[in-house]
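Enquirer: Letter by letter, the chains look like this.
Protein chains: 2
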Amino acid sequence: MSETTKYLLDEERIPRHWYNIMADLPVPPAPPLHPGTLQPLGPDDLAPLFPMELIMQEVSTEREVPIPEPVRDVFKLWRPSPLMRARRLEKVLGTPAKIYYKYEGVSPAGSHKPNTAVPQAWYNAQAGIKKIATETGAGQWGSSMAFAGALFGIEVTVFQVRVSYDQKPYRRALMETYGAVCHPSPSPLTNSGRAILAKDPNHPGSLGIAISEAVEVAATHDDTKYALGSVLNHVLMHQTIVGQEAMVQMEMAGDDPDVIIGCTGGGSNFAGLSFPFLGQQLRGGKKRRIVAVEPSACPSLTRGKFAYDFGDTAHLTPLTKMHTLGSTFTPPGFHAGGLRYHGMAPLVSHLKELGLIEATAYTQTACFEAGVMFARAEGIVPAPEANHAVKAAIAEALRCKAEGRSEVILFNLSGHGHFDMAAYTNYLSGKLVDQAYDENELAMALSGLPSVPA
Amino acid sequence: MSETTKYLLDEERIPRHWYNIMADLPVPPAPPLHPGTLQPLGPDDLAPLFPMELIMQEVSTEREVPIPEPVRDVFKLWRPSPLMRARRLEKVLGTPAKIYYKYEGVSPAGSHKPNTAVPQAWYNAQAGIKKIATETGAGQWGSSMAFAGALFGIEVTVFQVRVSYDQKPYRRALMETYGAVCHPSPSPLTNSGRAILAKDPNHPGSLGIAISEAVEVAATHDDTKYALGSVLNHVLMHQTIVGQEAMVQMEMAGDDPDVIIGCTGGGSNFAGLSFPFLGQQLRGGKKRRIVAVEPSACPSLTRGKFAYDFGDTAHLTPLTKMHTLGSTFTPPGFHAGGLRYHGMAPLVSHLKELGLIEATAYTQTACFEAGVMFARAEGIVPAPEANHAVKAAIAEALRCKAEGRSEVILFNLSGHGHFDMAAYTNYLSGKLVDQAYDENELAMALSGLPSVPA
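Going line by line, the protein sequences match chains A and B.
When we follow the numbering used here, the leftmost residue of the first sequence carries the number 9, and every step to the right adds one.
When we follow the numbering used here, the leftmost residue of the second sequence carries the number 9, and every step to the right adds one.
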């Protein structure tokens, strides 16, 4: 019997619209608030940061938003992405469960991030924008935005969290190869950066700080807009092409997932895979378990507070209601840089509050153990972020084994680990340790949440 | 009009046989000689190094050799690989030429190398072999063999050229993630290694030395065989699935290549793409230009001598007639580690002597310039080796522009550059220099070629 089972779609099957879960929610999420007035935000408030088409997507409640043909055309460079059945992994685990994964590492930047970078760059280009400022942690997002910018003639400036800038030069090299300019953050180029550096010239940086810097540049330069790689409604919506493709591919496979799994930092790859399935359920379809997986060291969904908070450290962004560890919380350094964010997408948080999704957390050593097992069985070396989804999928498969159940598990293998091999070296040489976050720091960060009148 | 044009095949179209160009040659190549007796080699002479099935493939003159079904099944993890038309690059160049590329970077190890690593591991496993020793330069081959070993339960030991082992730890991390053991070469583990270290404890290593070490381990351990990632007939034959797929895909595109291009180190990715087309020509089909591209700093085909020589430094391997710079020649360090070999596949050399293929050489800075242009236009960052093919394809496209000709150019994009980003950083920061080889050293190495009675 064939051990390799791959489900490919013709490129005509690349979705023609994005799915907007706003249309199917039983209760709408709380509105974002203006950071100054604490009043609900209007589209015009966002105009300094985003082109109007993206702002309208951010607030849209239409179920289907058409994907522009030039954007679909770029997607054809790597999409539709494959759905694979992990038969060799099933065999290693001895599980009666069927494990499927959607593989997003086939994109030029190696992750799901170009799914939103490309439309964001295109809408900016359509609006006549020539420059985009953005932030990045380990560099998955920054390199995706750099790639998209190169395609549409947009100059991309990336503020990269300094610790990653220094320790992981290879994603920076990728950004620069695509023609982007990359600055370590905190930088002396912005007020936000200078304020941090004045207190601590050796500050390692954080996503919250890098966001402040990029937002500040966009807000203070007429020719520059801002782009974000996760968290926002329109970003999550752009990722739903992943789940839409997976639905067709699961039908080809003749299976229907009982459990759907994605790792969550800001929430976009998780939402991308799960929202189309969840929408089906909300419209009366099959109930499935949907599991968000986060790092134990930065557990916004499992340990954070559901409250209004800022998306950045300098408090330049709107306030959104989300699971947050507090915008001043600095998680310990770990390798899944893409999951090292204090907040969570408001939509993902809202669904968690409604009991429509579950959340769980794993340590990074447990996740790397799972990743190595996956690589040896299936050939693909996952990104440290994606290892969280791999770990949860393996845990579900072993539960199925213990319970003698043949459930169908589907997870998002959101990216490959080619730029993260130093982390694998650390793990394999026994040097990787699990640093817990500081409980006192978390308590302090949570006590500092902004107070918002009910 | 669509700018992305991708030609995908259903996995049923993965070739069912390898194409053996030996069947179509107008003149047979010179036989390999035993290093001791200088007499033509028999299959038994190779038995300490390879399982008999691979030896029979090495000497076969059958046109079609069936691919075992379990090997095809593993290929389905990433094959058929895509054929793309590089329309965005054509636009940047303003050329009337049509540029197509076959993209082999979609494999788990990121290059064409698993195309032969998988069957080699499988035939060894079928023969009951539990251990394989091999060598690697930058690590493309070592990581591919490690991947294949993991799938078939074979322990893989890799001797990695020391300079790469030290400077490029990330492919080593990939090998180790797949479960292989990696030693810097020259190592104290073999006689060949110890002899080199006695003369120079800081010797940077070379592919020739690493081959000696791996061959020695295989020859002196009953439970261990040897595997080579290029040069040999059976290895080149395994790569012909690339060209067979490309022929079908070019038909889908409604075009027929006038020029076929591949980079050459040992010759396998070049042969893999071009031999099926060349075979067609040898059987009376269309005559095409077939261009091998090598680094100016290690120019075996363009500056080497066509003569019998050893494949390794310690002279443990058979003698083969090939274009060689001499087995003692150490090329200057450059980033395309996979092209840093003193010799060339005997079959490629033979075809060059017969005037059936052309050869050209480019400096590494010219190749990186081409690679960056390609990445910004097409999204994929090529491996430094593949940049040589990109450079030649661009040069042909610009020639077409100058001549006003709309030729069809096809090249093999044999791998991605995710593990080579330090080289891109060097290039982008202006630090990359072109080191020429030492003419005196080349003259000396060539004067030391073994004398073989005619």
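Because the hints were derived from the structure by calculation, they are not lab data.
Hints should not be assumed to be uniformly reliable.
Since copy identity is lost for identical chains, a pair holds within one copy or between any two.
Only pairs whose alpha carbons sit at most 30 angstroms apart, straight line, appear in this in silico DSBU-like list of lysine-lysine [to be verified]:
(1) Lys294 - Lys329
(2) Lys409 - Lys99
(3) Lys84 - Lys138
(4) Lys329 - Lys14
(5) Lys84 - Lys14
(6) Lys99 - Lys138
(7) Lys294 - Lys14
(8) Lys139 - Lys99
(9) Lys409 - Lys329
(10) Lys294 - Lys99
(11) Lys329 - Lys439
(12) Lys439 - Lys139
(13) Lys138 - Lys14
(14) Lys99 - Lys84
(15) Lys84 - Lys409
Enquirer: How would you classify Lys84 and Lys409 at a CA-CA limit of 30 angstroms: within, between, both, or neither?
Expert: So Lys84 and Lys409 pass the 30 angstroms test across copies only (27 angstroms; inside, 38 angstroms).
Enquirer: Since the copies are identical, ignore which copy is meant and state whether Lys329 and Lys439 lie within 30 angstroms (CA to CA) inside a copy, between copies, both or neither.
Expert: Intra 38 angstroms, inter 48 angstroms, cutoff 30 angstroms: neither.
Enquirer: Check Lys294 against Lys99 for me: Cα-Cα at most 30 angstroms, and say if that holds within a copy, between copies, both or neither.
Expert: Within one copy, since 28 angstroms is at most 30 angstroms while 48 angstroms is not.
Enquirer: First find the shortest C-alpha distance between Lys139 and Lys99 inside one copy, then the shortest across copies, and answer within, between, both or neither for a cut-off of 30 angstroms.
Expert: between (50 angstroms within a copy, 23 angstroms between copies)
Enquirer: For Lys99 vs Lys84, is the C-alpha pair at or below 30 angstroms within one copy, between two copies, both, or neither?
Expert: For Lys99 and Lys84, only the inter-copy Cα distance (18 angstroms) is at most 30 angstroms; the intra-copy one is 33 angstroms.
Enquirer: Given a CA cutoff of 30 angstroms, do Lys84 and Lys138 count as a within-copy pair, a between-copy pair, both, or neither?
Expert: within (24 angstroms within a copy, 42 angstroms between copies)
Enquirer: Tell me, please, which holds for Lys409 and Lys99 at an alpha-carbon limit of 30 angstroms: within, between, both or neither?
Expert: The answer is within: 11 angstroms in one copy meets 30 angstroms, while 55 angstroms across copies does not.
Enquirer: Within a copy, between copies, both or neither: which one fits Lys138 and Lys14 at a CA-CA cutoff of 30 angstroms?
Expert: between (40 angstroms within a copy, 29 angstroms between copies)
Enquirer: At most 30 angstroms between C-alpha atoms: does Lys294 with Lys329 qualify within a copy, between copies, both, or neither?
Expert: Intra 28 angstroms, inter 67 angstroms, cutoff 30 angstroms: intra-copy only.
Enquirer: From the Cα coordinates, with 30 angstroms as the cut-off, is the pair Lys99 and Lys138 best called within, between, both, or neither?
Expert: Classified as between; 20 angstroms across copies, 51 angstroms inside a copy.
Enquirer: Check Lys409 against Lys329 for me: Cα-Cα at most 30 angstroms, and say if that holds within a copy, between copies, both or neither.
Expert: Neither, since 39 angstroms and 57 angstroms both go past 30 angstroms.
Enquirer: Under a CA distance limit of 30 angstroms, which applies to Lys84 and Lys14: within one copy, between copies, both, or neither?
Expert: Both: 18 angstroms inside a chain and 7 angstroms across chains, each within 30 angstroms.
This entry does not satisfy hints 4, 9, 11, going by the numbered hints stated previously.
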